[in-house]
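Novice: In case you want the letters, here they are:
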Amino acid sequence: MLPFTLEKVTSVQAAIAAASSGRRFIAGGTTLIDLMREEVEQPAHLVDINALPLSEIRIEGSDLVIGALARMADVAAHAGVQRLQPLVAESLIEGASPQLRNMASIGGNLLQRVRCPYFRMHDAPCNKRTPNSGCAAIDGLNAGHAILGTSNHCVATHPSDVAVALVALDATMQVRGPRGERTFPVEELFRLPGDTPHLEHTLLPGELILAVRIPGGPDSRRARYLKVRDRASYEFALVSAAAALDVEDGVIRQARLAVGGVGTRPWRLRMVEKALIGKAPDRKIFETAARLALEGARPLSGNHYKLELLPRTIVRALEMTGEAA
Amino acid sequence: MTTNVIGSPLQRVDGRAKVTGAARYAADFNQGGQAYAVIVGATVGLGRVTGIETAPVEKMPGVVAVITHRNAPRLPYAPHKSYIDPATGERLHVLQDDQVRFYGQPVAIVVADTLDQAERAAAALRIAYTAERPLVDPADPKARPVVPEAGKQPDARLPADTARGNADSALADAPVKVDEIYEIARENHNPMEPHATVAAWNGNRLTLWSKSQFVVNEQAEIAAVFGLPPENIQVICPFIGGAFGTSLRTWAHVTLAAMAARQVGRPVKLVLTRKQMFFMTGHRPRTLQRMALGATADGKLTSIVHEGTGETSRYEEFMEALTSVTSFLYSTPNVRTRYRLLPLDIGTPNHMRGPGEASGVFALECAVDELSYKLGIDPIDLRRRNEPAIDESENKPFSSRSLMKCHDLAAERFGWSRRLPEPRSMRDGRLLVGMGVASASYPAFHAPANARARLLPDGTAEVEVAASDMGPGTYTSMTQVAAETLGLPVERVRFSLGRSDYPPAPSHGGSWTMASVGSAIRAACIAVQEEAAKRPRDGRPIEATASAQRDPDVAARFSMHSFGAVFAEVAVDPDVGTIRLRRAAGAYGIGRVVNPRLARSQCIGGMIGGMGMALMERTVLDPRDGRPVNAHMADYLLPVNLDVPQLEAHFVEEIDPHVNALGVKGLGEIALVGMAPAIANAVFHATGKRVRSLPIRIEDVLTV
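Taken in order, these protein sequences are the chains called A and B.
Using full-length UniProt numbering, the first residue of the first sequence is number 1, and each one after it goes up by one.
Using full-length UniProt numbering, the first residue of the second sequence is number 1, and each one after it goes up by one.
Keep in mind that the hints were calculated from the coordinates and are not lab data.
Note that the coordinates shown come from a computational prediction; the quantities given were computed from them, not determined experimentally.
Virtual Cβ for every residue (Gly too), placed ideally from N, Cα, C.
Hints may be right or wrong, so weigh each one.
Below 35 Å or equal to it, Euclidean Cα-Cα: the simulated DSBU-like pairs (lysine-lysine) are [unchecked claim]:
| id | chain 1 | residue 1 | chain 2 | residue 2 |
| --- | --- | --- | --- | --- |
| 1 | B | K275 | B | K142 |
| 2 | B | K275 | B | K59 |
| 3 | B | K300 | B | K374 |
| 4 | B | K81 | B | K152 |
| 5 | B | K689 | A | K284 |
| 6 | B | K300 | B | K152 |
| 7 | B | K275 | A | K8 |
| 8 | A | K8 | B | K59 |
| 9 | B | K275 | B | K18 |
Which chain B residues stay away from chain A? Per the calculated CB distances, all over 12 Å, these [as the list claims (entries may be wrong)]:
| id | residue |
| --- | --- |
| 10 | E180 |
| 11 | W201 |
| 12 | A224 |
| 13 | N232 |
| 14 | R597 |
Over 10 Å on every C-beta distance to chain A, these chain B residues come out as not near it, computed from the model [stated by the list, open to error]:
| id | residue |
| --- | --- |
| 15 | M60 |
| 16 | H80 |
| 17 | G89 |
| 18 | D140 |
| 19 | K142 |
| 20 | A172 |
| 21 | M192 |
| 22 | Y315 |
| 23 | K396 |
| 24 | R418 |
| 25 | P423 |
| 26 | I655 |
The following block holds chain A by itself, in its conformation from the complex (with noise of 0.2 Å):
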């Protein structure tokens, strides 16, 4: 591990002023520590944010109102998030392990980077840590990786489980930074790898996670998180998918749908969703609709399987939003 410094803050303009002059926020640490001791992250100055007060759970109307510095564990075991958002809880619950769920932040969590093994290898090419230095994923070992969203540059997906729900749900991030504060949609915050896949995300320099803002709907308590995986913890997804709708009549009224495991960032399926609308919530409808989620996939060498997997996540997954969690 490179040496570094370390400063604490307690406000939020305080943060503000150190990160803009270059200095990186640290929360829980469980992503960029990991990263450090491999050297694969390697910041000079660290700026300590875990006393700022930002790790409200709130309920604003209808609104979960969740703090950037709110723990994944805390998240996922508050009532009004059991509540009003089962889904968000039950993908936290399937991301990492107890104790990476016991520090880490929901505002990290989002920030997380990637697992590729070539990421962390300082011996192999990668475009993500090393700018045009290659991609040594795209010709080998490859069989977690993506087939949405890559390009000749990175097929990496975004590891994150909590993100996918978010991502599903609509909601919205509120951030500060040095020329004030705005709000946006948590799928914009991810940008696709493109021929920079060293860019991640659409935060400016200086800018902090204030909050996250997910608007309560008719679909949210009929909405679930499906984890495929083939252990039961500690591991990431192959496949997941995050699912909402809302029935009426015997009538989907309205679909939210987003996977994970399979997407360069967090994978909304908006094509999917308009093709269950006005339609029965049944396992034929389901499958029929779960078919366009392949479109503009582009399947590796080692993950052809994901094909198949994905559509019948999505089916598992909308089946799900029927039955007790």
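Given chain A's structure and the hints, the job is docking chain B onto it.
Specialist: Just chain B now, kept in the frame of chain A:
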């Protein structure tokens, strides 16, 4: 008199020390003034080191030495081979030349005042190579199998070829056949405790606090490497945080720690990273096996052909008992086995829990399961129809064999009778449910061992052996043997192990510690009592050393093995292919159970290991340079608590008067053997899809 200590469920005598942190593991033995060493591994998979820029790194803060093949001492590397080393080939001679034989091979070692400085300097060291593409995939047609040199003699312990009758023609004539290829991925041991060595020289004498399952061999090997008399080397390892075989051999890092300590004239501490443990300290070799069974329509086996191949390195021929069980598990007149090696550009594999047997039995027990479906005979019934009266490979009686008793007991506890024979016929809600069974076997080995017992005037006793305890509970079970033999309460017996100056013991592996060390302790305790009877009580300690080994005449007369039966139930999600083990039950015939609490714990650990083998574990090498791409605990899957269901371990009553005076046959390995085929057979029963390649992952069962 204290009796019935053997057989009682005594709690671990070292349990408190372990949970309070008082137990000291190799890396806990910090020495005053010690420096820290970090190994730099090759970043190519095959080639030569052409340049190392040591000068800038030597100037970095705290750096004490940068040792490469250019400035390393030429070490004597006197010939030394133990039975845990491959019989053919030569160990890696570390930093003795510019050749890179496999990815991650040590090419330099950096020593600094602090660990942080050493890590920084190691990361900064620039090394140039000429590189070629290594051959790391045993399925690559360019990989050429060889006949293992040590298996060429017909009386070899692991013969390359065996035959009785005419298996091939019997197979051709058989009315019912199974003839399939089975594959098992490379696995790494992944114990919790990393390999670690603290080395300190005092003149020409060296002390190594080093993680080892075989301290006397580590002593002998380092003595040979450095050209010193063995008595100059002391190896100390009182506790081991899991090993599963990875610390049986003395790997290159031990030599590097000693070399570095001598070079810098200070004690040196060297701890491997998790990543380094994926290529420097052995692994269960990838295997490819053809298993062919011929049978009559009523289920009598007429032929078995087993051709197994395991990967090895270019510089050593690692052999394991891949085909051994095949010749005696079933009664059949015709058997042919063939064992070959595929030398690849990888580090040498080594023994991993149930070495050989676990892999070979997977192929055999899956094939028998496949045969049962073809015949329409219950898998247990099929095994019963082919249960041999004697070991037909050696024409000897078994010293004891309770295989069918194990099947009956475990089947009853598991509820096998509830199974519907048809594949894909059992459901629990939406989930497909399957039940599978497999037999297990592992040899009841016994090696010569020595022990010292001392009676102290205060009425307590001390017992010492250069043995190890990697987790099964050696401290506890040996205390029980000593207490019972001496007629003392266990609280008055103190057993010590893990020092090379104690009476020598065999390697702590192969499920022979209880038999070998236990018998030696029993002998020493009897000897010290005889000594005490001869001497007047004068207030001085009374000491006796004794050795024990298996009676060679008895060994020649009997075939000695443990047997077991394992049952597993899985649930497979028909939509997304998730495979979850729901429960498992095993029954084992292992002779006398010294401590049922420890035995159950050891069995459950082995079953979890078998579960990992069946459903999760796989080290994946990048074919371009041989690097393991998942050398990380987040990426190399093994079962976590949430995966592990109710596991039952039962022991059948078995008295074996032949194996040794204690009547114990060994448990560590057989607890893993049989689990993987039971699960694979259950996956077939659940889904109707036969997967012959381990691990069985979601992608394998997505399409039926």
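Novice: What hints, given by number in increasing order, does this structure fail?
Specialist: none
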